Amino acid sequence: MNEMSNKWIGKNTIRPDGADKVTGRAGYAADNTMPGMVWGKVLRSPHAHARIRSIDTSKAEALPGVKAVVTRDDIVEFPLDKSVMLGIQDMRWMCRNVMAREKALFHGHAVAAVAAISEEVAAHACSLIEVDYEVLPHVIEIEDAIKPDAPILHEWNQFEGKPSNIAGTMVLKTGDVEAGFAEADIVVERTFKTRPVHQGYIEPHACTVSYAADGRVTIWSSSQGQFMVRAMTSLLTGIPQSDIRAIPAEIGGGFGGKTIIYLEPVAVMLSKKSGRPVKMVMTREEVQRATGPAPGSLSTVKIGAKKDGTIVAAKGTFYLQAGGLPGSPLRGPVGCSFAQYAIPNILSVGFDVVSNRSKVAAYRAPGAPLGAFATECVLDEIAQALGLDPLEMRLKNTVKAGDKAIYGPTFGAITFKETVESIKHHPHYSAPLDKNPRPGVKRGRGVASGFWYNAGGESSVQVNITEDGNVLVTTGHPDVGGSRASISNVVAELLGVDHARVNVMIGDTQTIGFSNLTGGSRVTFASALVATSATEKVIGDLRQRAAKIWNIDAEAVKWQDGMALPAGDNAGKFPPLSLKELAAKANEMGGPIGTQVQLNTTGADPGFATHCVDVEVDVDLGIVRVLRYTAAQDVGRALHPAYVEGQIQGGVVQGIGWALSEEYLYDAKGRVDNAAFLDYRMPVCSDVPMIEPVMLEIPNPKHPQGVRGVGEAPIVPPLAAIANAVHDALGVRFYELPMSPPKVSARLDAAG
Amino acid sequence: MSKLHIATSINGEPVEFLADPSASMLDALRGPLGLTGTKEGCGTGDCGACSITVDGRLVCACLMLAVESEGHEIGTIEGMAQGDHLHPLQQKFLEMAALQCGICTPGMLMASRALLEKNPDPTEEEVRFGLAGNLCRCTGYDKIVRAVLETAAEMRGAA
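Chains A and B are the protein sequences, given in the same order.
Residue numbering for the first sequence follows the UniProt record's numbering, beginning at 1 and increasing consecutively.
Residue numbering for the second sequence follows the UniProt record's numbering, beginning at 1 and increasing consecutively.
Only chain B is shown next, with the shape it has when bound in the complex (with noise of 0.2 Å):
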């Protein structure tokens, strides 16, 4: 089967990039586009370590064909910190010790700004709900929840 050429926008910046119709998206970044700080946990859905953004929506990228994000702004881990200068959430992910292994991280940190985004005043338990599809073995999630909890009071005290 031929590859398709794609043309879209990774963090900001326009990509083009051969794809085989049957590509996951999670592929194509660790692939020929050379962006590993996407992981592959299980490859149907159900870890959210693939976690990126598509226009701002959080999708598993390992659920998405490589094809779909044509004309597409995609966003991942490696477009967050801006330069040297953390995002507030990685820097109180390091703060408060809220990865172990770190696996998860990129996901968990991907799926935590998209929840600050469409609700900057997070309860515990829509901070457990918001990040439900991303899997952690290591850290209980205890020190995850209470950073993206103290992310988001930062950043509304900062707004």
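Chain A on its own, in the form it takes in the complex (with noise of 0.2 Å):
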């Protein structure tokens, strides 16, 4: 990194595609159409489980304005007995989500789309399809779900030796945990629940689809990763994948939710066989029914300690609620929960469960923050049974650089112990705090620390330079939370240009090399790290060419504040030529400048956090309400300080949502009966206090600019710290979540 300038890096620049974005003309996928286009609509199922028996579309097709039907005949199947990987995706699931086969395996499963005219012709023709359900019993809850005598989702399934629902597992261990145990003087065994909580983009799913008549498709499509689309489309169409152009809308929105497709083989497939292009729009209603979610839980942690703190076994059983397809994020929690600590005996073992629920897709850290619940939880009763600080027991046992990881690798430069202490004396920490402040109103502080992987991975950039003199940088990964502004400061910065004259684009499938999704707090690591590359090429071949025009050695040229000059005396007197200059001259000395780098990107060190909250709980009402929040991260380098800030702010108010009052509800027969905003409650502005990031700036060092990501971390923690937070003002623990209005109420009136 240029060390010399940094006028862009870590400043709090405007970003590039902002202005767009606040006049309302930003592009999202909802917002584009086509000539001749027709409306795609998908028919959805209205049980919680049932065998298809037969779908009879002819009437559906004899509406007038009907372009085409399709049905999971349309659908390339994955056979049972053979996994099809993409990324962490078994396409024998997604080929079967996208588009229910045997089964319907949840209320709101996709069964037959319609593409018409209009969207109203194409939901009246939906309801002309006759579907011949066998209606089968459903199971919703994780303990039903594997109970000897549960309903069994696919039949197929074998969990020692017999059919279940537990479709994998995965266990991590060292040491000898019983051992441990022995050991300790106090061990605590709690058994936690969670419920599954959605995303809550605020933008539906939606696309817009044409298949040409020499079978080359563009689909136009939101999503976490143009190239994840291109692929599972190919896979689920038999479409090769250089015969579909992925283009990236805006995104509003992922977290996760993002990284996997619903719509687009289906709008595919109908674009195909109308011969127009097909626009799909999901209702909101729709996206809380069949996306998403991530699981609920079911888990059970047993810490024991020594009497000083030092924690010296630990064990977690973690049941994941996958939904109706397999796929639960076992590695959140079972490599997740212990791993900020340094524990010498550790078994951590998760499974994965389905029942009649959607099918889960990854929310931000998948499956981190139901595990720290559970470990943060019994970390603070230990420490209560112990009268030690919940802090003081935490820098007890912080992983250090050189600690091995549970999951595998050995920590590097890492800063969890500062992320305690910086919370630690924190004036939020040391704040009077008055616990009873009115009658029938009592307050409490808590804390909880997390951990999260983060991620490298497959980037792609490119840097152009124009013939007068800006920059043209064009990435593979959609910017979700404002990436393009951090890349742009890096660009700027290396190539000691103004910000402005750097913009940045997110190129389509057929524009720019292979690029993995964004997620797992990677696009910023990733992009960062093949930006510097390109632009580093960039400058070597602008010193070539001044070397070139004053008939020197290239070694002889420096590039400095964007400007080729002569490195020393030795080199000789010349002017200074700009980066205007050179572009003017590039096409007669050598032809265009600009590259493209994709690497397969290292080297992301996890990221650790710890928070602080206060809560008030009324009494009466059973509303628990977060009056203050802190919270401490290891960010490696914030290249773009307040949108890192604003990844940690909204990690937080989407912890406090998971807390308090986000759940999915079902009736009798396993329908969603929440899926609406106004009952599937995500936090508002109101509901929610300033959250106040601090940010741990040790440099990862094995990025250019020490970057570390930054977006998933911040969920980790809040559900515990605030559950620790309401056992602080009432005394009394909650071991489920959401901690909302009538649970608390009810749980008050039951302790009497």
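Calculated from the structure, these hints are not laboratory results.
Owing to the predicted nature of the structure, the values given are computational and were not obtained by experimental measurement.
Positions of the beta carbon are idealized from the N, C-alpha and C atoms, including for glycine.
Be aware that one or more of the hints could be misleading.
Below are the DMTMM-like pairs computed for lysine to aspartate or glutamate, each with C-alpha atoms no more than 20 Å apart in a straight line [what the hints assert, rightly or not]: (1) A:Lys7 with B:Glu150; (2) A:Lys669 with A:Glu143; (3) A:Lys11 with B:Asp20; (4) A:Lys573 with A:Asp561; (5) A:Lys273 with A:Asp561; (6) B:Lys3 with A:Glu119; (7) A:Lys702 with A:Glu458; (8) A:Lys669 with A:Asp149; (9) A:Lys417 with A:Glu692; (10) B:Lys3 with A:Glu155; (11) A:Lys82 with A:Asp176; (12) A:Lys193 with A:Glu141.
Calculated Cβ distances over 10 Å to all of chain A for the following chain B residues [said to hold, decoys possible]: (13) Lys3; (14) Lys39; (15) Glu73.
Both chains come to you apart, so use the hints to assemble them.
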């Protein structure tokens, strides 16, 4: 990195896509239209669990205005006996999630789709499709799904030699956990339950698809990865990837929920059959019923410690609710729950449990928050029993550089201990708290920590110098939360040009090299890394061109403040050549200036966070309000501090929703009962206070700018931090989320 | 059902269009009128992404029939900036990173403007309750509230 100038890195520059977004001009997926376009609508299962005997589409096809109907027969089938993986997704489940095959597995599962001249005609046609269902007994909750006599979703799935709803397991262990517990002075074991929660992006899934007469396909859609859209659509339709162009629209939030697809293959087949471009947009109800969410969980965590607070053993058992098809993020709780502590003996086990709910999708640090909820609440209980300050207990056990993580690697330069210390020394932690401010109201304070892996992975970038000497960067990653701003800061810094002269665009699958998903807290890490490499190549080229003009060696030319300069007196005396001057001569001096770099990036060290929260509980109404929130995190280096803060603040508020209000409600028939934002209660502005981020900037030594991923760690601690604060307020510990008013009231009533 | 002819004013300009009697104002704006800056997040009036003004009053376009716009003054996000001159709220949202994915931003800006027109000197709590009908899933609301408070202060100073 160019330490000399540092004009842009770490500065809150205005994002390149900002003006379009505040004026309503930015093009999101549902904003697109195409000439001759028709509308696609999905028919969804009214049953939670039903065998599909037959589907008769003849009446729908005969309706005037209907252009095409597709069913399971139009989507490529992946046989059950052989796994076909794309990243972490198994196409056996994806093909059955996009369109129900043998069975409808949840209320809202797609069963057929229609393209028609209007949304109304398409919806009417859906109602004319006759599906012969054999309704089967359903099961929603984990406890019920793992009972020996539970309705079995997939008869072919075996666990311990019997048909089962347990579809997968994961085990990590180190040391001898039983011997460890035998050494402990105190052992606490508790069982926790969390509910599925939806990612809650404000933009519903949408796409416009054109299947041309030559078989080439254009997809304009909202996702966290245009290359994922291309690959999955190719697999589910049988169309070669080279014939599919996936153009990323602006994305209106994803949080992991847009790392898989729902509509695109269906729209492609509707377009192929109708010969018309097809637009599909989900309603909010469809989003809530048939996409995401994060899994619910049933977790038992047992921790043993010495009297001084040293943890000697930990055991975690995590049952995660996959939804109707396998695929829970087991590595979240299994790998993350104990990762921030140096514990000699650990046994961590996860079970993937299917039940008649929509299939889970990634949600910010997938699986980690619910594991941390269990671990960090048990630690709180142990600290109290031992009479230790909860942060002191954590400090005694924090992992440090050189410690081996339970999930494999050895930690490099990490800043977990510092997150705990910064909360300990923060004025929030020592601020007086009036625990009984008025009659019927109690206050409490809680802390918790969390861990997330972070990731590197495939990333491509182009850096091109325009003929007028400005800079155009094209990346392969959809910008969910401001990554374009960070990348333009890096490129402007390295090139030594004004930030406003660097524009960052998102390329489509035919204009930029392969780039993996925006997810896993990886995009700023990976794209800054490839952007650095590409910019350095461009600078090398610029130096060579200046050398050629001056007729000296390229080594005798340095690049500084956006200009080529002779490197020292021996190089000769020449007036500097600016980027603009070199760009103007580019085509007569070797051709266009620009390069593409594509790498499988590595070195993304993990992220750690420690949070502190004050809550107030209305004892009569059961309402828990968050009064103050401070979130410390190891961010490596913030390229654009305001957007790093925003990631932390947004993650915390999502965690507050998870802890206090969000859950799916089901009726007796297994149908989602609260598929609207009115009843699925995400935090609104008046539910939360300002969230104070404490960014610890100790650069990641494996990254040219020191970047560490930041987007996921902030959602890991809030569940436990809030539960610990509620316990501090009431003296009652909640083992089940959300701590919503009816549940808090019921619990307080029961406690007398 | 035959369509009805509607004459209204959008962002200060006369507009005529044909509307299905059952179509929402949101459908009309995003469809025949081509004003896609107004976003649909829920269609049930719960997220505020489709916030517009009708005769200066903040309304969820998804909860209003298109035919109800006859003879009224409709304001949308497309009318907020004057040429290339951004409204102070738009400028402040950019400067203070009060948007991440940006999908709630048009509705958030419309609601913020309506709030400041009614109450040019709001407290933090008044801003929070004033924007409680607008969901944002990215920012945690912190930077939005700060941007609105800061804009209010600047606009009072400028006035």
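Practice task
For the pair supplied as a hint, A:Lys702 and A:Glu458, confirm whether the alpha-carbon distance does not exceed 20 Å.
Solution key: Distance ~16 Å between A:Lys702 and A:Glu458 Cα, so the pair holds.
Exercise for the section: Measure nothing beyond the straight line between the CA atoms of A:Lys193 and A:Glu141; if it is 20 Å or shorter, mark the hint as holding. Expected result: holds, 11 Å
Problem - Given hint A:Asp561 paired with A:Lys573 - CA-CA distance at most 20 Å - result: holds, 18 Å
Problem - A:Lys417 paired with A:Glu692 [C-alpha distance capped at 20 Å] - result: Holds: A:Lys417 and A:Glu692 sit about 19 Å apart, inside 20 Å.
Handout entry: Agreement of A:Lys669 and A:Asp149 with the hint, judged by alpha carbon distance not exceeding 20 Å
Key = With a Cα-Cα distance of about 18 Å, the restraint between A:Lys669 and A:Asp149 holds, given a limit of 20 Å.
Problem - Given pair status - A:Glu155, B:Lys3, alpha carbons within 20 Å - result: violated, 52 Å
Exercise for the section: Confirm or reject the statement that B:Glu73 sits farther than 10 Å, beta carbon to beta carbon, from all of chain A. Expected result: holds, 18 Å
Handout entry: Straight-line alpha-carbon gap B:Lys3 to A:Glu119, limit 20 Å
Key = Cα-Cα ~16 Å, so holds.
Exercise for the section: Mind verifying the non-interface call on B:Lys39? Its CB should be farther than 10 Å from each CB in chain A. Expected result: B:Lys39 not clear of chain A: closest Cβ-Cβ about 7 Å, inside 10 Å.
Handout entry: Satisfaction of hint between B:Glu150 and A:Lys7, Cα-Cα up to 20 Å
Key = violated, 25 Å
Handout entry: Exclusion check [B:Lys3 not at the chain A interface, CB over 10 Å]
Key = Holds, since 12 Å exceeds 10 Å.
Handout entry: Distance restraint between A:Lys11 and B:Asp20, which requires alpha-carbon spacing of 20 Å or less
Key = violated, 50 Å
Hint compliance for this structure: hints 1, 3, 5, 10, 11, 14 are broken, all remaining hints hold.
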